[in-house]
Amino acid sequence: MSLVEERFGPYGGRYVPETLIAALDELTAAWAEAREDPAFRERLALLHRDFIGRPTPLYRAERLSERVGGTVYLKREDLAHTGAHKINNAVGQVLLAQRMGKPRIIAETGAGQHGVATATACALLGLECVVYMGSEDIRRQKPNVERMGLLGAEVVPVEAGARTLKEAVSAAIRDWVANVATTHYVIGSAVGPAPFPALVRDLQTVIGEEAREQALAAEGELPGRVIACVGGGSNSIGIFTPFVADSAVELIGVEAAGEGLDSDRHGASLGKGTTGVLHGSLSSIIADEEGQILEAHSVSAGLDYPGVGPEHAWLRDTGRASYVSVTDAQALEAFKLLCRLEGIIPALESSHAIAWLLENGGREGYDVVCLSGRGDKDLAEVLSL
Amino acid sequence: MTGSERIAAAFGAAREEGRAALMPYMMAGYPDRETSSAVAAAYAESADLVELGIPFSDPLADGPTIHAAATAALEAGASMDTALEICGEIAERVPVVFMVYANMVLAHGGAEEFARRALAAGACGAIVPDLPLEEAEPVRTAFDAAGLALVPLVAPTTPAERRARICAAARGFVYVVSTVGTTGERDELPAELADLVAATKAEAEVPVAVGFGIGTPRQAAQVGEIADGAIIGSRLVRAAAEPDADGAVGSFLRETRDALVSG
Numbered sequence: 001m002s003l004v005e006e007r008f009g010p011y012g013g014r015y016v017p018e019t020l021i022a023a024l025d026e027l028t029a030a031w032a033e034a035r036e037d038p039a040f041r042e043r044l045a046l047l048h049r050d051f052i053g054r055p056t057p058l059y060r061a062e063r064l065s066e067r068v069g070g071t072v073y074l075k076r077e078d079l080a081h082t083g084a085h086k087i088n089n090a091v092g093q094v095l096l097a098q099r100m101g102k103p104r105i106i107a108e109t110g111a112g113q114h115g116v117a118t119a120t121a122c123a124l125l126g127l128e129c130v131v132y133m134g135s136e137d138i139r140r141q142k143p144n145v146e147r148m149g150l151l152g153a154e155v156v157p158v159e160a161g162a163r164t165l166k167e168a169v170s171a172a173i174r175d176w177v178a179n180v181a182t183t184h185y186v187i188g189s190a191v192g193p194a195p196f197p198a199l200v201r202d203l204q205t206v207i208g209e210e211a212r213e214q215a216l217a218a219e220g221e222l223p224g225r226v227i228a229c230v231g232g233g234s235n236s237i238g239i240f241t242p243f244v245a246d247s248a249v250e251l252i253g254v255e256a257a258g259e260g261l262d263s264d265r266h267g268a269s270l271g272k273g274t275t276g277v278l279h280g281s282l283s284s285i286i287a288d289e290e291g292q293i294l295e296a297h298s299v300s301a302g303l304d305y306p307g308v309g310p311e312h313a314w315l316r317d318t319g320r321a322s323y324v325s326v327t328d329a330q331a332l333e334a335f336k337l338l339c340r341l342e343g344i345i346p347a348l349e350s351s352h353a354i355a356w357l358l359e360n361g362g363r364e365g366y367d368v369v370c371l372s373g374r375g376d377k378d379l380a381e382v383l384s385l
Numbered sequence: 386m387t388g389s390e391r392i393a394a395a396f397g398a399a400r401e402e403g404r405a406a407l408m409p410y411m412m413a414g415y416p417d418r419e420t421s422s423a424v425a426a427a428y429a430e431s432a433d434l435v436e437l438g439i440p441f442s443d444p445l446a447d448g449p450t451i452h453a454a455a456t457a458a459l460e461a462g463a464s465m466d467t468a469l470e471i472c473g474e475i476a477e478r479v480p481v482v483f484m485v486y487a488n489m490v491l492a493h494g495g496a497e498e499f500a501r502r503a504l505a506a507g508a509c510g511a512i513v514p515d516l517p518l519e520e521a522e523p524v525r526t527a528f529d530a531a532g533l534a535l536v537p538l539v540a541p542t543t544p545a546e547r548r549a550r551i552c553a554a555a556r557g558f559v560y561v562v563s564t565v566g567t568t569g570e571r572d573e574l575p576a577e578l579a580d581l582v583a584a585t586k587a588e589a590e591v592p593v594a595v596g597f598g599i600g601t602p603r604q605a606a607q608v609g610e611i612a613d614g615a616i617i618g619s620r621l622v623r624a625a626a627e628p629d630a631d632g633a634v635g636s637f638l639r640e641t642r643d644a645l646v647s648g
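So the protein lines, in turn, are chains W and B. Mapping of the first sequence onto this note's numbering: residues 1 to 385, in sequence order. Mapping of the second sequence onto this note's numbering: residues 386 to 648, in sequence order.
Mixed in with the good hints there might be a few duds.
Derived CB-CB ranges, DEER-like [to be verified]:
#, chain 1, residue 1, chain 2, residue 2, range
1, W, Asp288, B, Pro449, 19 to 29 Å
2, W, Asp37, B, Glu474, 56 to 66 Å
3, B, Arg478, W, Glu154, 45 to 55 Å
4, B, Gly462, W, Ala380, 33 to 43 Å
5, W, Gly149, B, Arg478, 50 to 60 Å
6, W, Ala218, B, Asp466, 25 to 35 Å
7, W, Glu42, B, Gly462, 53 to 63 Å
None of these hints come from the bench; they were simulated from the model. In this text the structure is predicted, and so the values were computed from the model without any measurement. All residues carry an ideal CB built from backbone N, CA and C; glycine is no exception.
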């Protein structure tokens with residue numbers, strides 16, 4: 001049985017109530033076993049192909065390339081079923097929960113993409129699904145709330161704090177503490193107590209495996225840079241991981257600078273964070289000097305989170321990946337530009353990666369950008385600005 | 386006396402009176418600074434030990450009552466300093482054990498610096514509810530060096546072999562979590578609790594106290610039959626928000642103490 005990492009350098013670990021430790025041990029063992037089991041892998045591969053629609057294309061974006069002044073490929077996770085990379089993790093974890101004999105699934109969601117993906121996977125596999133969502137996010141993301149309802153999930157409003165993603169994660173963890181025997185918690189990003197960061201990374205690595213193979217087939221050499229947005233960091237860790245050993249490939253994570261890194265309204269946990277514990281792991285977080293966790297801000301709900309996956313904190317410290325940020329305004333410009341240039345409406349999250357590329361283009365070789373999701377969910381937000 | 390010794394003495398004194406120790410919980414700075422001091426003073430009158438919560442924005446082990454109290458305390462301006470001050474106000478009269486989340490320890494200079502400040506305020510120990518055995522060693526080492534007890538938790542889901550290791554590393558006392566779930570009042574204590582407490586007592590060299598879900602004097606007395614101490618949190622946090630807060634907590638504590646005596 002191979003090791004499921006619990007630490008990434010000093011980061012990661014399990015800073016959770018004692019009640020959950022046995023469940024985390026059980027999950028670690030189940031994942032170590034499942035990921036080596038040919039039958040499980042085959043079932044997941046089949047669902048990737050026939051249900052999610054993988055492999056997603058690696059698309060050479062000609063007009064964007066012209067604009068940037070260098071060749072750009074987009075990894076089209078927006079074309080995955082339910083419209084974002086979130087489904088890769090949701091299907092994998094719900095399949096794992098079914099294997100573990102857990103009849104009930106809980107999840108948190110911010111913008112609703114992970115909630116929809118989890119509700120979808122639960123409908124597919126016939127498991128009960130409860131999604132925690134901040135009441136403010138419920139108000140902002142009505143269509144996704146309705147989708148979850150259609151898919152048979154129960155959406156539970158969370159009224160604590162700012163009524164957004166951070167509180168939804170906390171509420172889901174509290175539910176898990178109370179119902180741990182029957183319930184599996186499908187966390188939506190590469191965050192949380194071990195083994196979640198490694199589990200989510202493993203399930204998202206399909207993005208990078210496909211992209212690396214497709215890129216080599218198209219260009220005959222590796223890309224100069226791989227660029228992805230970072231909120232909790234699941235699409236980015238998924239696309240980075242297969243390139244980590246290719247030391248010549250630059251890995252660039254783009255965080256939300258929100259209204260500016262010097263304002264207190266941003267989501268740059270890596271760029272402006274401090275080392276601390278949030279939602280069960282030690283990582284880089286946005287907190288005040290008293291140790292209280294602060295609310296993050298980003299125009300994109302998926303990057304609006306004051307923590308980040310622990311493996312990213314380690315990739316930052318070791319210098320293997322670089323983390324940069326772009327503002328709300330830059331991301332919105334990139335959103336509009338991609339619509340017009342390529343006929344692709346990107347998620348506001350993914351627009352951050354495009355925005356950074358627009359200002360840092362014109363390089364030798366070529367770049368691969370993870371287009372982590374489509375932007376239909378963001379139309380109301382963008383049109384209201 | 387080290388923190389552990391003072392905690393042991395407090396449990397011992399209750400035992401000599403033929404009852405379990407009464408350990409009420411309060412949230413520092415809730416509902417406001419002044420009331421919080423009055424509640425602390427009422428606790429010092431009737432409690433054998435006091436569990437003093439340091440407000441944190443994201444308390445994962447806590448249910449709605451204590452979570453809301455933490456949020457309200459922070460909004461009212463409470464901080465780590467508030468908790469240290471309140472500790473200082475009562476620590477000569479009653480042993481104080483902090484309930485503090487891991488990030489607060491980290492943010493205030495790490496385990497050594499936290500221990501130094503807690504001791505200076507007169508505290509005997511700390512419960513860190515999101516610091517399980519695997520993560521606890523560096524903190525325990527620092528607390529041991531300072532003489533502050535790191536009190537561990539045992540849950541109903543803790544496997545027996547792991548429980549033995551937790552008990553072996555326990556300082557001050559072992560905190561047995563009565564039910565699977567977060568803090569908060571429950572109608573009934575689980576039937577399996579007696580077995581869990583008995584098993585823990587057999588493995589621990591320090592006293593064993595039970596918390597989570599104890600909201601009435603009768604439930605405290607039930608726990609007192611099987612454990613060395615009863616911890617009462619959410620019920621008293623509710624009382625602290627009543628108009629006559631110190632009166633309300635005081636009468637509840639006296640009633641509970643009487644229930645523990647008559648068993």
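Taking the hints in turn, this is what the structure says about them:
no., hint, in the structure
1, W:Asp288 - B:Pro449: 19 to 29 Å, "holds, 24 Å"
2, W:Asp37 - B:Glu474: 56 to 66 Å, "holds, 59 Å"
3, B:Arg478 - W:Glu154: 45 to 55 Å, "holds, 49 Å"
4, B:Gly462 - W:Ala380: 33 to 43 Å, "holds, 38 Å"
5, W:Gly149 - B:Arg478: 50 to 60 Å, "holds, 56 Å"
6, W:Ala218 - B:Asp466: 25 to 35 Å, "violated, 60 Å"
7, W:Glu42 - B:Gly462: 53 to 63 Å, "holds, 58 Å"
In summary, the one numbered hint that this structure violates is 6.
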